[in-house]
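Sequence order for the protein chains is A and B. In terms of the numbering used here, the first sequence is residues 1 to 338. In terms of the numbering used here, the second sequence is residues 1 to 338.
Since copy identity is lost for identical chains, a pair holds within one copy or between any two.
Dumping the calculated DSS-like pairs for lysine-lysine here, alpha-carbon to alpha-carbon at most 25 Å: (1) K51 - K66; (2) K178 - K4; (3) K336 - K220.
If you're looking for bench data, these hints aren't it; they were derived computationally from the structure.
2 protein chains.
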Amino acid sequence: MAIKRIGNRTIKFQNPPSIIGTSSIVGPKEGDGPLRSYFDLVLEYDTWGQKSFEKAEAKMQEEAIKLAIKNANLSVNDIHFLISGDLLSQIISSSYTAREIGIPYFGLYGACSTMTESMSLGAMIIDGGFADYVVCATSSHFSSAERQFRFPLEYGAQRKFTSQWTVTGAGATVLSAKGEGPYITYITPGRIRDYGITDTSNMGAAMAPAAVDTLLNHFKDTGFTPMDYDLIISGDLGLIGRRIVIDMMQKEGYDLSENYTDCGIKIFDTVEQDVHAGASGCACSAVVFNGYVYKEILKSTFNRVLVMSTGALHSTTSSLQGESIPGIAHAVTIEKSI
Amino acid sequence: MAIKRIGNRTIKFQNPPSIIGTSSIVGPKEGDGPLRSYFDLVLEYDTWGQKSFEKAEAKMQEEAIKLAIKNANLSVNDIHFLISGDLLSQIISSSYTAREIGIPYFGLYGACSTMTESMSLGAMIIDGGFADYVVCATSSHFSSAERQFRFPLEYGAQRKFTSQWTVTGAGATVLSAKGEGPYITYITPGRIRDYGITDTSNMGAAMAPAAVDTLLNHFKDTGFTPMDYDLIISGDLGLIGRRIVIDMMQKEGYDLSENYTDCGIKIFDTVEQDVHAGASGCACSAVVFNGYVYKEILKSTFNRVLVMSTGALHSTTSSLQGESIPGIAHAVTIEKSI
Chain A
1 MAIKRIGNRT
11 IKFQNPPSII
21 GTSSIVGPKE
31 GDGPLRSYFD
41 LVLEYDTWGQ
51 KSFEKAEAKM
61 QEEAIKLAIK
71 NANLSVNDIH
81 FLISGDLLSQ
91 IISSSYTARE
101 IGIPYFGLYG
111 ACSTMTESMS
121 LGAMIIDGGF
131 ADYVVCATSS
141 HFSSAERQFR
151 FPLEYGAQRK
161 FTSQWTVTGA
171 GATVLSAKGE
181 GPYITYITPG
191 RIRDYGITDT
201 SNMGAAMAPA
211 AVDTLLNHFK
221 DTGFTPMDYD
231 LIISGDLGLI
241 GRRIVIDMMQ
251 KEGYDLSENY
261 TDCGIKIFDT
271 VEQDVHAGAS
281 GCACSAVVFN
291 GYVYKEILKS
301 TFNRVLVMST
311 GALHSTTSSL
321 QGESIPGIAH
331 AVTIEKSI
Chain B
1 MAIKRIGNRT
11 IKFQNPPSII
21 GTSSIVGPKE
31 GDGPLRSYFD
41 LVLEYDTWGQ
51 KSFEKAEAKM
61 QEEAIKLAIK
71 NANLSVNDIH
81 FLISGDLLSQ
91 IISSSYTARE
101 IGIPYFGLYG
111 ACSTMTESMS
121 LGAMIIDGGF
131 ADYVVCATSS
141 HFSSAERQFR
151 FPLEYGAQRK
161 FTSQWTVTGA
171 GATVLSAKGE
181 GPYITYITPG
191 RIRDYGITDT
201 SNMGAAMAPA
211 AVDTLLNHFK
221 DTGFTPMDYD
231 LIISGDLGLI
241 GRRIVIDMMQ
251 KEGYDLSENY
261 TDCGIKIFDT
271 VEQDVHAGAS
281 GCACSAVVFN
291 GYVYKEILKS
301 TFNRVLVMST
311 GALHSTTSSL
321 QGESIPGIAH
331 AVTIEKSI
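So that you can see chain A by itself, here it is in the shape it has in the complex:
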């Protein structure tokens, strides 16, 4: 058994799952950014007619899941498993969405690493022959995250220059046992790295060591070099985290300066849109992958991409009890053809 493992931590799929449909829904600020044309739906109001930010987030995730299934030319009942998670305590956006979708459900908590955590588990479930179709999904909302993790919006707290802006949005990916690609060909699941960062306004720095650990293992396990990829894109390290990753990888002998970027940098014009160090949130890599990256793979702009969502696994309680911020990063290789 375990013949699908290569190296220390990487899995090479024998029947690579196809990504046959995606969706991305974003809030108005994200729709004002440079990737506007890639998103399936840009909301006019970030409450979307709901009575709370949390309910608006759940509605975004629900509609994103339905839209991805529709884009895959399937119906909800064709899907064997829904795998999803989000940032909110007890992942209520995902669970209340799963109630509406009504199919077997595995809830995850991987913070902002959720998109590739769900794709990693979903790809194993498909490749292993346990399902024909799986939907992977996540969401985040600037206002539900701010009031849960930081300050009430009404307080008007000044944001540090290291802080990042939580993306309001939701993305979903339909994986299929059959299809003509793009394919998930490899996954390198992450382990937790914690270099002792305690500043919850500097998440990029807290997550960067986990990203480096996953990248190093991925390259060693697969034998790929960075230049074997048309694009390497992390989840939400932002300007500071990306810089740390490039520097740390340089010291290990890997040059990422050519083809590595971060979803948290791509989604906003960081200066014009005043988001300081970039974007964050589960939806950051979800909408950038399911919108921009996936559509550019279909157009053959990219033929092989490494998507690596990154998560900071702390809570307000752990921070108040003096704990540092553990980071994790799950990497997924997506290829247009095999």
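Fit chain B to the supplied structure of chain A, relying on the hints for placement.
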């Protein structure tokens, strides 16, 4: 593909994973209960020398994982994946434990369904050939749960007769691609059922419909009847939820009165220990399965058992916003020999 699926929702494993090691650690109150002799470790103090209940919970989970690995005659580095979750916001008990364990990690949130959620995913990962060894784990702590979900302990709130007592403890299960059993032979993953219960002091009633939905699908998919099992045991429905399950199943033509019980009833003497409707918490099914059930399977008291952890997927925020409590139940069949 998907040849391992039978019926609507059940998976039958072709290379059933073996459970080669388990562990259970409990607090003093659980150690005073009728299952005392089955637990690997009974703590004298539920803080275990830590400065907070949350840190004590994480320590229990960490030690349970290490102990299960030791009981399986393995070392931590033999394990390919850790799959775990807990009740706390952002599953800090699991994430901080995963930091200490240091191996690739998938974080889950399934509330009190986490034990069988993690075993379901772990079994697919093993059967699919993606890992040789996986550890599945979870924990809960009465005092960390009370102050997060209900009232500060110091407030001395009166407990309703429908309320359940969160188990202080942690359990872990080592799954292996090779071994001589007990085996995980089937899983029936759950979908969310929500009959509109809003009383967070009556979780058994909130989760019972999900348990019934999973049981009905399991019996239909597999062709088993309740009497094909030596024991059917749900996670933490307690006295009220168990009664509802028996009644609802009776109406569907299934008699569970003979061999069905609930971990939340087994772990405490509900009258003498003053726990009202029984026990709850992720650790409830975790320690009852990894302690009592597993050891009795080894002794051949039971040859085929259905373990079904049950989760209530709400949060304090969702309750304050008027939402009802969605329930989920994941069922796992364990057989001594195949």
